[in-house]
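Peer 1: This is what each chain is made of:
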Amino acid sequence: MGEKVLMKGAEAIAEAAIRAGCMAFFGYPITPQNETPEYFSRRMPELGRVFLQAESEVAAINMVYGAACTGTRVITTSSSPGISLMQEGFSYIANSNVGCVVVNAMRGGPGLGDIAPAQADYFQATKGGGHGDYHSIVLAPHTIQETVDLMYDAFDLADKYRIMVVMLVDGLMGQMMEPVEFKEWVDVKKFKTPEWATVGQGDRDHRNIITSLEILPEGLEKMNLALQAKYKKIKENEVRLEEYEMDDAEYALTAFGTVARIAKTVVEMARKDGIKLGLIRPITVWPFPEKEVAKRADQVKFFFDVEMNEGQMLEDVKLAVNGKKPVHYYGRLGGVVPTAEEIYGEFKKLVGGK
Amino acid sequence: MKLIYKKPDTITERDTTYCPGCPHGIAHRLIAELLEEMDLVKKTVIVWPVGCSVFGYYFIATDAVEAAHGRACAMATGIKRAHPESFVISYQGDGDLASIGIAEAVHAAARGERISVVYINNGNYGMTGGQMAPTTLIGQVTTTTPYGRKPELNGFPMHVPEMFAALDGPAYIARAALDSPQHIIQAKKFLRKAFTAQKNNLGFSLVELISACPTNWKMTPVEAMERIRKQVLPVFPIGEFKVAKGVE
Amino acid sequence: MEKKLVIAGFGGQGVMLAGELLAEAAKDEGKFVTFLPSYGPEMRGGTANCDVIVSDKPIASPVIAHPQAAIIMNLPSLDKFEPLMEKDGLLILNKTLIPREVKRTDLRVLQIDAQTVARELGNEKATNMILLGAYAEIEKPVKLESLKNALKHFLTGKKEVLIPLNEKALEKGAEIAREFLGGK
Ligand SMILES: Cc1ncc(C[n+]2csc(CCOP(=O)(O)OP(=O)(O)O)c2C)c(N)n1
Ligand code: SF4
Ligand SMILES: [Mg+2]
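Chains as they are written, first to last, in the working numbering: chain W, 1 to 354; chain H, 355 to 602; chain Y, 603 to 786.
Check each hint, because a few of them may be wrong.
As the list claims (entries may be wrong) - Straight-line distance between alpha carbons at most 30 angstroms, and here's what the computed DSS-like set of lysine-lysine pairs gives:
{"#": "1", "chain 1": "W", "residue 1": "Lys291", "chain 2": "W", "residue 2": "Lys232"}
{"#": "2", "chain 1": "Y", "residue 1": "Lys754", "chain 2": "W", "residue 2": "Lys183"}
{"#": "3", "chain 1": "Y", "residue 1": "Lys760", "chain 2": "W", "residue 2": "Lys272"}
{"#": "4", "chain 1": "H", "residue 1": "Lys542", "chain 2": "H", "residue 2": "Lys504"}
{"#": "5", "chain 1": "Y", "residue 1": "Lys682", "chain 2": "W", "residue 2": "Lys4"}
{"#": "6", "chain 1": "W", "residue 1": "Lys235", "chain 2": "W", "residue 2": "Lys291"}
{"#": "7", "chain 1": "W", "residue 1": "Lys325", "chain 2": "W", "residue 2": "Lys127"}
{"#": "8", "chain 1": "Y", "residue 1": "Lys682", "chain 2": "Y", "residue 2": "Lys697"}
{"#": "9", "chain 1": "W", "residue 1": "Lys348", "chain 2": "Y", "residue 2": "Lys659"}
{"#": "10", "chain 1": "H", "residue 1": "Lys572", "chain 2": "Y", "residue 2": "Lys754"}
{"#": "11", "chain 1": "Y", "residue 1": "Lys754", "chain 2": "W", "residue 2": "Lys276"}
{"#": "12", "chain 1": "H", "residue 1": "Lys504", "chain 2": "Y", "residue 2": "Lys760"}
{"#": "13", "chain 1": "Y", "residue 1": "Lys727", "chain 2": "Y", "residue 2": "Lys761"}
{"#": "14", "chain 1": "W", "residue 1": "Lys4", "chain 2": "Y", "residue 2": "Lys761"}
{"#": "15", "chain 1": "Y", "residue 1": "Lys689", "chain 2": "H", "residue 2": "Lys572"}
{"#": "16", "chain 1": "W", "residue 1": "Lys325", "chain 2": "W", "residue 2": "Lys348"}
{"#": "17", "chain 1": "W", "residue 1": "Lys232", "chain 2": "W", "residue 2": "Lys348"}
{"#": "18", "chain 1": "H", "residue 1": "Lys584", "chain 2": "Y", "residue 2": "Lys697"}
{"#": "19", "chain 1": "H", "residue 1": "Lys504", "chain 2": "H", "residue 2": "Lys543"}
{"#": "20", "chain 1": "W", "residue 1": "Lys276", "chain 2": "Y", "residue 2": "Lys682"}
{"#": "21", "chain 1": "Y", "residue 1": "Lys682", "chain 2": "W", "residue 2": "Lys348"}
{"#": "22", "chain 1": "Y", "residue 1": "Lys745", "chain 2": "W", "residue 2": "Lys4"}
{"#": "23", "chain 1": "W", "residue 1": "Lys272", "chain 2": "W", "residue 2": "Lys127"}
What the hints contain is simulated information worked out from the structure, not anything from laboratory work.
Work the whole structure out from these sequences, hints included.
Peer 2: This is the structure:
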């Protein structure tokens, strides 16, 4: 690890991707993450790597799709409305089994909405968004340091499973500054073109074809089953979460991303008042830490899910808890960030009601 | 005292969201004056884009819709086809029309949709902080062309009127500029013809207005107007590229 | 130790620079720090503000709902933040641009004719540094020396010549704060 530098989240994301061996960026400007492509536009040419401003997000994701088919570490970054435009490409990428990283700095929606931080794209990210039976791995860091660290893992996971990995962050994380430390540079000279990549047959004894098309239903079913088998493996091996002050907790907050960060303050406030509150923070929101949440259902009196949306992760928490304990919810919409005091106030109402 | 000039009634009292010296306001005034002069205010629906003029409906008092980024021509098509009596204007920036929305714009033109497009070329993406647009000049520094726009990396500036004039659908295609009083008077003439094309049911019409973005160009408004004359107009010359019979 | 500061004023008054300087200095001291600016059209409306938190331990929420301290550089910002201040909070005001008195009686208020003082030092642009110097002296989130050292990260190239002026402004602010503390 190197020296700590003070950096804007949106720029740290780009620097982390570059160090993690990202060789190509394609994207289209959108607030609140313009600093990310702008940073790439300065740094990528310096390193002899690719930066291209696409004519739209539709084009950008298809450029990513193309680069991914060559086995290149590739990224695009955007925010909610732009991510909506990319859904078609996501679906094609899923059924083509190619890897890439997509950053969504979520903002308030629906529609043009606003540019304030939000978490309302949770369903879109974790349940598919585009058409067909598919998933992407979805990472939900809660600090800039964690975002930077996870960026390396995002590319590794994308390569390992040949899958799209979504970094689900929000406008607040893009705009804030915090000291960060970057891990070692990934040695890109060691990168080899994978044998499945479509780069021209060359010395291969077969040609490679990457397609999401299979016109026979039985054939497409087989492709789907292969995808599902891959997702099962990911569910078994890649679930990540943080359990904060959960050892003796009588109540559990559930939250991801920025809200989870605020929730840590709430936990401290409760502990000061002698209330045993903890936090379960999924780091992979897909695959969701079902088993871990289920286990805590035996321990706590209730769960209290807090999000900046109308209760989206709430559904996954409820599925995991499976009726064993009450799951309460509090949220703010449209880009309003709840304060720790506000969340604690809501929590105390629930405790007091007992 | 004699009143020699007043703001058109169709321009609202609200403070605009534009930076000082931004020509978006001039374009708004020309549209409002023409709608009044041609008695179109009550029939008009303006499709506003995503860009600095995203709040345009606060400033021109007509019926209005707000399109998704780049989709204004498609939305305008929908309105006009569903309700042909409406007078439909699509107001778009150069990122909105020439980049993300070029497909929608080209096909509206090719179909000869009876809509009028006011296309603001300010050489960058004003709203998002000055990134490269399809109209950015070679060598121009923007926040995503920090080393200047290079043809081998980013291609060349797009000449929308020249391209569209090659299609059969348009009835009127022109380019004007908003840098000086003479050019603004001429711009109004061109816009009048574009609106006439729609009024007389002749086909698609589009006027590109060469504009400025003093904020992101990092210039004073006066310097920005100078730049238009010295650097932009030689690349994007003023003129009429297609004039159907009956537009005059 | 956890210090939560809001800095607010017009765009162009150096609000962000003051916040980033404090963040940089805190980072250099090995402390935890978050800097959160207001952004987007919010800024076009004229006022800009940022939240800076400096702490000995990891910082949970970077958002400050109720500031313990605020550097207020213009009137609209006082109107906005006065009601939000924590009880006994510290308000440091740029009196030059704030014609009214503080209404609340449960706050510590330091009024500095900062723009005039900065002009006397040689440049009105150093107003932000006078106010930041005063804040640092009273609340001690970082050492004054660290702030001075951090200046070189921001004033580079042609702006390097401004470092001595900004150092002087930080010191002057601290001096005014000492008088304020002594007078109490
Ligand atoms: C799908 C989508 N992508 C990106 C954006 C972000 N965005 C807002 S305005 C804009 C560009 C505007 O530029 P232009 O059309 O030239 O208008 P100007 O602001 O220069 O008048 C972009 C990229 C968006 N709102 N939606
Ligand atoms: S950013 Fe540019 S185009 Fe947008 S309002 Fe300001 S000057 Fe006009
Ligand atoms: Mg533009």
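Peer 1: Next, verify each hint and record whether it holds.
Peer 2: Going down the list of hints, with the structure as the test:
1. In summary, the hint linking Lys291(W) to Lys232(W) is supported, as the alpha carbons are separated by about 14 angstroms, within the 30 angstroms threshold.
2. Straight-line distance between C-alpha atoms of Lys754(Y) and Lys183(W) comes to about 26 angstroms, which keeps the hinted pair within the 30 angstroms bound.
3. Our distance criterion of 30 angstroms between C-alpha atoms is broken by Lys760(Y) and Lys272(W), whose separation comes to about 51 angstroms.
4. At roughly 34 angstroms between alpha-carbon atoms, Lys542(H) and Lys504(H) are farther apart than 30 angstroms, so this suggested pair is violated.
5. Simply put, Lys682(Y) and Lys4(W) have alpha-carbon atoms about 34 angstroms apart, too far for the 30 angstroms limit, and the pair is violated.
6. At most 30 angstroms may separate the alpha-carbon atoms for a hinted pair to count; Lys235(W) and Lys291(W) meet this at roughly 11 angstroms.
7. Taken as a hint, the Lys325(W) and Lys127(W) pair is honoured in the structure, with Cα atoms around 24 angstroms apart against an allowance of 30 angstroms.
8. Taking the CA atoms of Lys682(Y) and Lys697(Y), the gap is about 16 angstroms. The hint holds against a cut of 30 angstroms.
9. Only pairs whose Cα atoms come within 30 angstroms are accepted, and Lys348(W) paired with Lys659(Y) is accepted, the gap being roughly 26 angstroms.
10. A hinted pair counts as satisfied when its Cα atoms are at most 30 angstroms apart, and Lys572(H) with Lys754(Y) qualifies at roughly 25 angstroms.
11. Between Lys754(Y) and Lys276(W) the alpha-carbon distance is near 46 angstroms, which puts this suggested pair outside the 30 angstroms criterion.
12. Among the hinted pairs, Lys504(H) with Lys760(Y) is consistent with the structure: their alpha-carbon atoms are about 28 angstroms apart, no more than 30 angstroms.
13. Annotation: proposed proximity of Lys727(Y) to Lys761(Y) holds, straight-line Cα distance about 12 angstroms (limit 30 angstroms).
14. Proposed proximity of Lys4(W) and Lys761(Y) is supported: the alpha carbons are some 24 angstroms apart, at most 30 angstroms.
15. The suggested pairing of Lys689(Y) with Lys572(H) is violated, with an alpha-carbon distance near 43 angstroms, which exceeds 30 angstroms.
16. Note on Lys325(W) and Lys348(W): the hinted pairing holds, with a Cα-Cα distance of about 18 angstroms set against a maximum of 30 angstroms.
17. Proximity of Lys232(W) to Lys348(W) is assessed by CA-CA distance (about 39 angstroms); at most 30 angstroms being required, the pair is judged violated.
18. With a C-alpha separation of about 46 angstroms, the suggested pair Lys584(H) and Lys697(Y) falls outside the 30 angstroms cut-off, and the hint is violated.
19. With a C-alpha separation of about 35 angstroms, the suggested pairing of Lys504(H) with Lys543(H) is violated against the 30 angstroms cut-off.
20. For the hint linking Lys276(W) to Lys682(Y), the alpha-carbon distance of about 36 angstroms lies beyond 30 angstroms, and the restraint is violated.
21. Proximity of Lys682(Y) to Lys348(W) is assessed by CA-CA distance (about 29 angstroms); at most 30 angstroms being required, the pair is judged to hold.
22. With a CA separation close to 19 angstroms, the supplied pair Lys745(Y) and Lys4(W) stays within the 30 angstroms bound.
23. Using a Cα cut-off of 30 angstroms, the hinted pair Lys272(W) and Lys127(W) is violated, with the two alpha carbons roughly 38 angstroms apart.
Of the numbered hints given earlier, the model fails hints 3, 4, 5, 11, 15, 17, 18, 19, 20, 23; all others are met.
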